[in-house]
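> Residue numbers (the working numbering), protein chains in the order written: chain H, 6 to 202; chain D, 47 to 292; chain W, 228 to 744.
Treat each hint with caution, since some may be false.
The calculated lysine-lysine pairs, modelled on DSS-like cross-linking and capped at a C-alpha distance of 27 Å, are [what the hints assert, rightly or not]:
| no. | chain 1 | residue 1 | chain 2 | residue 2 |
| --- | --- | --- | --- | --- |
| 1 | D | K242 | W | K677 |
| 2 | D | K200 | W | K707 |
| 3 | W | K707 | D | K276 |
| 4 | W | K699 | D | K107 |
| 5 | W | K466 | H | K79 |
| 6 | W | K653 | D | K242 |
None of these hints come from the bench; they were simulated from the model.
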Amino acid sequence: MADSRREVLRDLRAAQLPPAPLPELSGLGLRYADPRQQFARSLTDVGGRCVLMAPGTPLGDELARLPEYTAARKILSLVPGVGRANVDLGTVADAHQLHDLDFCVLAGELGVAENGAVWITERGSRYRAAWFLAQHIALVLPAWKIVDNLHQAYERLSVGGPGFAIFISGPSKTADIEQALVIGAQGPRSCTVLVTS
Amino acid sequence: MEVALFIPCYVDQFYPNVGLATVNLLERFGAKVEFPEAQTCCGQPMANSGCFSDAAPLARKFLTVFSRYQYVVCPSGSCTSMVRNHYANLLPEGPELTALRGKVFELSEFLHDVLRVAPQGRFPHRVGLHQSCHGLRELRLASGTERRIQSFDKVRDLLAGLDGIQLVDLARTDECCGFGGTFAVTEEAISCAMGKDRIADHERAGAEIIAGADMSCLMHLSGLLRRDRKPMRVMHVAEVLAEATA
Amino acid sequence: MSAHELRADGAATGGVQRSSEHDGAAAKPGQANERDNGAGMPSATNGRPHRHSAAAPPITAGMHEHPRKAAAFVANDARLHWHDQAVWFIRAKRDAVSSTIPEWEQLRSLGDQIKKHTLSRLADYLEEFEKNAVACGAHVHWARDAEEHNRIVHSLLAARGVTRVVKSKSMLTEECHLNPYLEERGIEVVDTDLGERIVQLRREPPSHIVMPAIHLKKEEIGELFHHELGSEKGLTDPKILTEVARQHLREKFLAAHAGITGVNFAIAETGGFVVCTNEGNADLSTALPPLHIACMGVEKVIPRAKDLGVFLRVLARSATGQPITSYTSHFHGPRPSGELHIVMVDNGRSAIMGREQFRRSLHCIRCGACMNTCPIFRRSGGHSYGVTVPGPIGSVLAPHAKPAAHASLPFASTLCGSCSDVCPVKIDLHHQLLLWRGELGRAGLIPFSKRIGSKIGGWVLARTWAYQFFGKLMRWLLPKLPRALVYNRWNAWGQQRELPEAPPESFREIYRRQHGR
Chain H
6 MADSRREVLR DLRAAQLPPA PLPELSGLGL RYADPRQQFA RSLTDVGGRC VLMAPGTPLG
66 DELARLPEYT AARKILSLVP GVGRANVDLG TVADAHQLHD LDFCVLAGEL GVAENGAVWI
126 TERGSRYRAA WFLAQHIALV LPAWKIVDNL HQAYERLSVG GPGFAIFISG PSKTADIEQA
186 LVIGAQGPRS CTVLVTS
Chain D
47 MEVALFIPCY VDQFYPNVGL ATVNLLERFG AKVEFPEAQT CCGQPMANSG CFSDAAPLAR
107 KFLTVFSRYQ YVVCPSGSCT SMVRNHYANL LPEGPELTAL RGKVFELSEF LHDVLRVAPQ
167 GRFPHRVGLH QSCHGLRELR LASGTERRIQ SFDKVRDLLA GLDGIQLVDL ARTDECCGFG
227 GTFAVTEEAI SCAMGKDRIA DHERAGAEII AGADMSCLMH LSGLLRRDRK PMRVMHVAEV
287 LAEATA
Chain W
228 MSAHELRADG AATGGVQRSS EHDGAAAKPG QANERDNGAG MPSATNGRPH RHSAAAPPIT
288 AGMHEHPRKA AAFVANDARL HWHDQAVWFI RAKRDAVSST IPEWEQLRSL GDQIKKHTLS
348 RLADYLEEFE KNAVACGAHV HWARDAEEHN RIVHSLLAAR GVTRVVKSKS MLTEECHLNP
408 YLEERGIEVV DTDLGERIVQ LRREPPSHIV MPAIHLKKEE IGELFHHELG SEKGLTDPKI
468 LTEVARQHLR EKFLAAHAGI TGVNFAIAET GGFVVCTNEG NADLSTALPP LHIACMGVEK
528 VIPRAKDLGV FLRVLARSAT GQPITSYTSH FHGPRPSGEL HIVMVDNGRS AIMGREQFRR
588 SLHCIRCGAC MNTCPIFRRS GGHSYGVTVP GPIGSVLAPH AKPAAHASLP FASTLCGSCS
648 DVCPVKIDLH HQLLLWRGEL GRAGLIPFSK RIGSKIGGWV LARTWAYQFF GKLMRWLLPK
708 LPRALVYNRW NAWGQQRELP EAPPESFREI YRRQHGR
């Protein structure tokens, strides 16, 4: 295999391409007068739900307004203050055990107004499979963590490892069958972002 | 202003009126026109077929015939593009070729950009404007629907000033007609399917006449229209303008 | 608005061409097909064995591939227009969403420049990526070709006793024909993207790199699921069918021993890579099983994480008209209790690098926009190209490895240029198609009839006297010939069109006359 590595690198270098500059990326991207509003609009456009929480509202109360949450029996929360959360990851030995998770609450670390995406990292938590096995998810995102666009997002984030991170923008979906949009493909059927102030 | 006429081979043989209309227009708008008789063909059919070595002598001949003129004007976007954009595939770079590229113009862009005319006249017809692809995307006669840039359309500008003309709204304003040179025969099924779809679009939009700046597209569409005995006719933009401004 | 999985990887160079087994079998509902199993479904191997080392077919066969298949596709007029409208719809969505980005053209230029720069130092960036990926705990493997890629993947699976694999979209694994390779060695591979699963169950290749099942109607999918998944007969509601697939695939995710994904972008500066999906299947494929194998073409590496800002902004918008996919997963190293193996594949890419005129095709980010806009793709369907990646980009990539077999592809185009103008990284697709024609001409891979026609035409047109003489002769003769002599099966132009009328005088004759000569 060391041979393959050597050969591939040699073959790629054989072309001897002339140098070409790497462009600087600055000042790119749309700016919004009200990024929070734009975030809500973008998220709704992709089939998600955005709830702008009034200051002081307990998280549990806001969640209780979501029909998917009230109907959920197995709830995992990686965010404190979710009283009905009843899945203790400490007792989970294998991600497969979470196959029947109904609802999962996650902490959003950054939101992007341009596309309704929320950045979530593992941050030491285990079993990220839960984020995708859950039938429904809610992402808790402080309003001040919403940036205008994806360029700003990458400027703020420190992308690197080890570890997993993801931009989640809305629920899972597909249009593979005659281009009919179906919300809820393999992953969660709904995605609610609770924007806290 | 002296202009050499470059008349595409198939226009010379099958659509002489387009050539005559081109002459009329250029003279009407103040150009002195000359037709170098030694010209034959730009070589596009051969190059299009992948036979670059058959096209190269024609490119050299073209250079010989046209190099000495200040302007070379051609009522065809694809032939003009052949010279301006694709002779580089056939001939080595050199001062003659570089100079030639700068002085070969398609008719609409010449009227719009060089002579800067705003034709006045009457043309009371419902016209569907067909955007020929090479003129559109290789000569940039218009902005096209793909790119996110300031909208412009040189051909439309030339027609818009005519009294009574109604430029109909098409569903797909710049989809290809399906001619594509030898494609028209090697992929006959798709070629005709594309042409028929264009015609259907113009029909739904209520066009009487399909106008365009490239007779090759119109030859293909006309062939379909006549086989299906449809009343819609085709006209080259030169013919429209010549008739209107007569 | 719609949402589609995004292809992670792939190119059409080299590898075994399996698609020719599926000549026309896929796209026609209810039509009797000699190769079907009697239930109107394509039979398992369509009556032909998988070919693993294809000798180049005769030149004429290659040259007529696309036209022949395209004609068959066009013959079903209703289906032709249905497919054309369905794919055009995605082009229209791309138009609408790109109109909301004032700096769209600037992004295209930046994407082009970043890729151009990356290619100029590709080996360096791959080494940097490898170093950083290993530092995150990943294993990095190098494969010279498709065969080696398949062997590496298989040996990783076999060594761990894996018999059940789930796979999210990877054009690269399609290019290498990984699935049959693993299946022959007793490993079940389930493609988990809904469109891919559908075509997998139908035993046919995808017809589009982003929407693999775009050529199928919901009734056909309902039939398929009834036969293959045991769902109720006659289902046609896409919501219900998606739910059927969801339940079916959930079981597969939970039972899998390993997950294979592609790579949309590999970040040199961090050693991580990004996978984009709408369904969430890449995440379910990799968050459950202990082993994650990520397969990538070497051209997928980008220098910096911030470059993702450019590429992610144009990728989903170009592919499906959405601002971003539902899931943009960033993998840096394995899960705490898992393993991550990255397989980097050349398979002809270094050869393309060496060809200056075609190099830019390696910029491709596999968005499929060129296919959506191509009037020929829309009217002939992905299967008529006979290669893993169809459409304009496929027609530019395929002939490198097998010029004779794919000689018809650069000619399956009117060179309208729409593809070049929608490409988010500004690949000069239609120009490369023309250059390929010249290459094929030089290699003698153009059929005799075309070559002789060109030779004769070239001879006549080079001589003014000959041009004038034969032009006049033709115009004199044509009106005199009986119609049956002019319009017959040898006159391809005349099948559905009238020839132009032959005027008595050419332009130059009239002009000469008018100017008194």
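> Taking 27 Å as the top limit, are the C-alpha atoms of K466/W and K79/H close enough?
holds, 25 Å
> Take a quick look at whether K200/D and K707/W sit within 27 Å of each other, Cα to Cα.
violated, 41 Å
> Taking only the CA atoms, is the gap from K707/W to K276/D under or equal to 27 Å?
Holds, at about 24 Å.
> For the pair we were handed, K699/W and K107/D, check the Cα-Cα distance against 27 Å.
holds, 21 Å
> CA of K653/W to CA of K242/D, is that 27 Å or under?
violated, 30 Å
> Verify the proposed pairing of K242/D with K677/W, using a straight-line Cα cut of 27 Å.
The hint holds at about 26 Å.
Of the hints listed earlier, those the structure fails to meet are numbers 2, 6, in rising order.
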